[in-house]
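*Asks:* Input sequences plus hints: build the corresponding full structure.
Protein sequences, first through last, are from chains U and Y. Everything in the first sequence is counted per full-length UniProt numbering, starting at 1 for the first residue and increasing by one. Everything in the second sequence is counted per full-length UniProt numbering, starting at 1 for the first residue and increasing by one.
Hints are computed from structural coordinates only; laboratory data are not their basis. Bear in mind that the values here come from a model prediction, so they are computed numbers and not experimental data. Quick reminder that beta carbons are idealized off the backbone N, C-alpha and C, glycines included. Any given hint might turn out to be false.
To be verified - Calculated Cβ distances over 12 Å to all of chain U for the following chain Y residues:
no., residue
1, L121
2, L190
3, I191
What the hints assert, rightly or not - Taking beta-carbon pairs under 10 Å as the criterion, some of the chain Y residues facing chain U (in silico):
no., residue
4, I68
5, D76
6, P82
7, A160
8, A161
9, G163
10, N175
11, P181
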Amino acid sequence: MPSTRKTLQRGIPLLAITVTAALAFSGCSSDSSAVPGAAPSSSASTDALASVYDNAVVADAAALLPDSTMAKIKARGKLVVAEALDAPLLSQQNPSSPDDVEGFDADLAKLLAIYILGEPNVEIIPPASETREALLQNGTVDVVFNTYTITTQRDEQVDFAGPYLQSGLAVAVKSDNTDIQGIDDLGGKKVIVGANTPAVTAVPEKQPTAEIVSFGTDPEAVQALTQGRGDAYVQDFTLLASDAASNSAIKVVGQPFTTESYGIGLKDGDAAFKSFINDWLTKIEANGDWAKVWDATLGSAVESSTPTPPAIGSVPGS
Amino acid sequence: MNIFADSAGPLLEALGTTVMMAVIAGVAAIVLGTVVTAARISPIPVLRGLAFAYVQFFVNVPLLVLLILAVFALPDAGLLLPLTPTAIIVLALYEAAYVAEAIRSGVNTVGTGQIEASRALGFTLVQSLRLVVVPQALRAAVQPIGNVMIALTMNTALAAAVGVVELTSEANKLNLVEAQPILIFTVAGLIYMALALVIGLAAGRIEKRVAIKR
Numbered sequence: 001m002p003s004t005r006k007t008l009q010r011g012i013p014l015l016a017i018t019v020t021a022a023l024a025f026s027g028c029s030s031d032s033s034a035v036p037g038a039a040p041s042s043s044a045s046t047d048a049l050a051s052v053y054d055n056a057v058v059a060d061a062a063a064l065l066p067d068s069t070m071a072k073i074k075a076r077g078k079l080v081v082a083e084a085l086d087a088p089l090l091s092q093q094n095p096s097s098p099d100d101v102e103g104f105d106a107d108l109a110k111l112l113a114i115y116i117l118g119e120p121n122v123e124i125i126p127p128a129s130e131t132r133e134a135l136l137q138n139g140t141v142d143v144v145f146n147t148y149t150i151t152t153q154r155d156e157q158v159d160f161a162g163p164y165l166q167s168g169l170a171v172a173v174k175s176d177n178t179d180i181q182g183i184d185d186l187g188g189k190k191v192i193v194g195a196n197t198p199a200v201t202a203v204p205e206k207q208p209t210a211e212i213v214s215f216g217t218d219p220e221a222v223q224a225l226t227q228g229r230g231d232a233y234v235q236d237f238t239l240l241a242s243d244a245a246s247n248s249a250i251k252v253v254g255q256p257f258t259t260e261s262y263g264i265g266l267k268d269g270d271a272a273f274k275s276f277i278n279d280w281l282t283k284i285e286a287n288g289d290w291a292k293v294w295d296a297t298l299g300s301a302v303e304s305s306t307p308t309p310p311a312i313g314s315v316p317g318s
Numbered sequence: 001m002n003i004f005a006d007s008a009g010p011l012l013e014a015l016g017t018t019v020m021m022a023v024i025a026g027v028a029a030i031v032l033g034t035v036v037t038a039a040r041i042s043p044i045p046v047l048r049g050l051a052f053a054y055v056q057f058f059v060n061v062p063l064l065v066l067l068i069l070a071v072f073a074l075p076d077a078g079l080l081l082p083l084t085p086t087a088i089i090v091l092a093l094y095e096a097a098y099v100a101e102a103i104r105s106g107v108n109t110v111g112t113g114q115i116e117a118s119r120a121l122g123f124t125l126v127q128s129l130r131l132v133v134v135p136q137a138l139r140a141a142v143q144p145i146g147n148v149m150i151a152l153t154m155n156t157a158l159a160a161a162v163g164v165v166e167l168t169s170e171a172n173k174l175n176l177v178e179a180q181p182i183l184i185f186t187v188a189g190l191i192y193m194a195l196a197l198v199i200g201l202a203a204g205r206i207e208k209r210v211a212i213k214r
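*Replies:* See the structure below:
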């Protein structure tokens with residue numbers, strides 16, 4: 001019966017697509033932060049920062065040393081940055097206008113572009129965080145702005161300007177959980193972590209008996225926590241705070257239990273570029289731009305006053 | 001090569017998970033794929049239609065989509081399985097569709113005359129499948145099935161995306177500390193290559209032994 005066959009052949013892929021789509025939607029509808037990468041609203045930061053952009057510092061022509069990395073960037077007319085597209089409040093693509101990437105890292109990257117070029121001309125290469133070092137070493141990107149924790153091992157492969165932000169790992173649980181109050185209660189528990197975050201190594205150090213489950217992205221990890229794939233989710237405090245602010249099913253418990261110092265990743269051995277960027281950091285910290293960016297992004301989700309930026313060069317490896 | 005010596009334990013354990021996933025999902029995919037093919041060539045229209053729908057569904061939806069649906073959507077539907085078994089089940093279901101297609105190509109090598117003869121001898125459907133068609137089809141499809149098994153082994157790496165700690169995920173973890181992606185992923189790639197070579201060679205050996213000379 002060739003005719004039945006033909007009909008089937010046409011019908012089945014369509015059915016498959018419909019079923020998949022239906023499954024995908026049912027998965028999403030139950031939770032605002034569904035997989036993959038749904039977005040809490042965060043488009044207010046652009047307006048708040050308009051005046052910062054208008055008055056941003058621009059480097060003296062003399063600072064762009066001949067043959068330096070910054071001179072090459074200036075000649076090229078754009079700054080190539082490795083930054084995430086799915087990290088709320090840090091570096092996230094605006095769902096309603098995908099060309100806009102906003103957040104603490106993203107806005108600082110734009111300010112750095114203004115400092116070098118006079119305009120916020122940034123080309124974004126989304127890094128899988130496992131390839132950040134390779135992107136820098138082979139010259140694909142100029143800088144990495146990716147909540148890139150400064151460590152001495154990483155410093156052997158790349159250079160770090162900064163630190164430009166200090167935060168720490170904290171613990172989130174489901175809102176109805178009352179037995180976990182912080183990292184000390186995680187012994188023997190199932191702990192969800194982001195696949196390429198410091199939590200992967202920090203949690204076993206603090207709680208060797210904890211069982212680690214890792215997921216690729218923050219929205220996946222939040223989904224896994226709300227579905228009960230783990231008892232707790234350990235992630236950077238700022239990220240958890242923004243997750244909890246947009247999702248009432250989870251809450252942050254206790255205080256951060258580590259200190260992470262984030263740096264701007266640069267190609268190894270480019271001392272001139274590193275001191276150029278450190279100069280820029282010093283300037284935006286002194287003129288208040290750093291604080292304004294913080295307030296418009298991370299500060300909107302955290303109930304504490306604007307922090308003091310960490311001292312530049314204060315961490316081993318920076 | 002210090003960094004590999006220091007983390008040999010977890011790496012071997014992760015390699016063990018990769019091999020275990022490949023073996024269990026591989027055996028399950030071959031069994032299930034054989035059943036699907038049998039249904040596909042049976043004279044019963046409903047069975048044929050179901051088998052056809054099965055193959056089309058799994059061949060046309062990417063494995064990563066299936067894994068993410070199984071891990072994140074099924075719990076919302078009230079079904080929460082541990083991660084590694086979930087990944088193994090999805091892998092087996094997915095690769096079974098490819099195995100079924102490989103075996104179906106083997107079925108085409110079985111002479112129509114033989115099937116007609118078995119029917120003339122009064123074999124039931126199950127008998128003629130079990131005694132005449134499937135054994136010959138499997139023997140003719142050894143190499144294609146071997147290729148599917150290699151693909152399956154490579155595809156276990158996708159389980160890293162949904163939290164299973166296998167070779168790729170362990171390599172990620174190691175790189176997070178050591179910050180040497182090119183070295184670490186080259187080594188991980190070589191391990192996968194070695195696994196693929198073993199499967200390929202084994203398939204070649206088996207084929208030599210069972211091939212039907214025509």
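*Asks:* Take the hints in turn and mark each one as holding or not.
*Replies:* Against the structure, the hints come out as follows:
no., hint, verdict
1, L121, "holds (27 Å)"
2, L190, "holds (17 Å)"
3, I191, "holds (16 Å)"
4, I68, "holds (6 Å)"
5, D76, "holds (5 Å)"
6, P82, "holds (9 Å)"
7, A160, "holds (7 Å)"
8, A161, "holds (5 Å)"
9, G163, "holds (5 Å)"
10, N175, "holds (5 Å)"
11, P181, "holds (5 Å)"
In this structure, none of the earlier numbered hints is contradicted; all agree with it.
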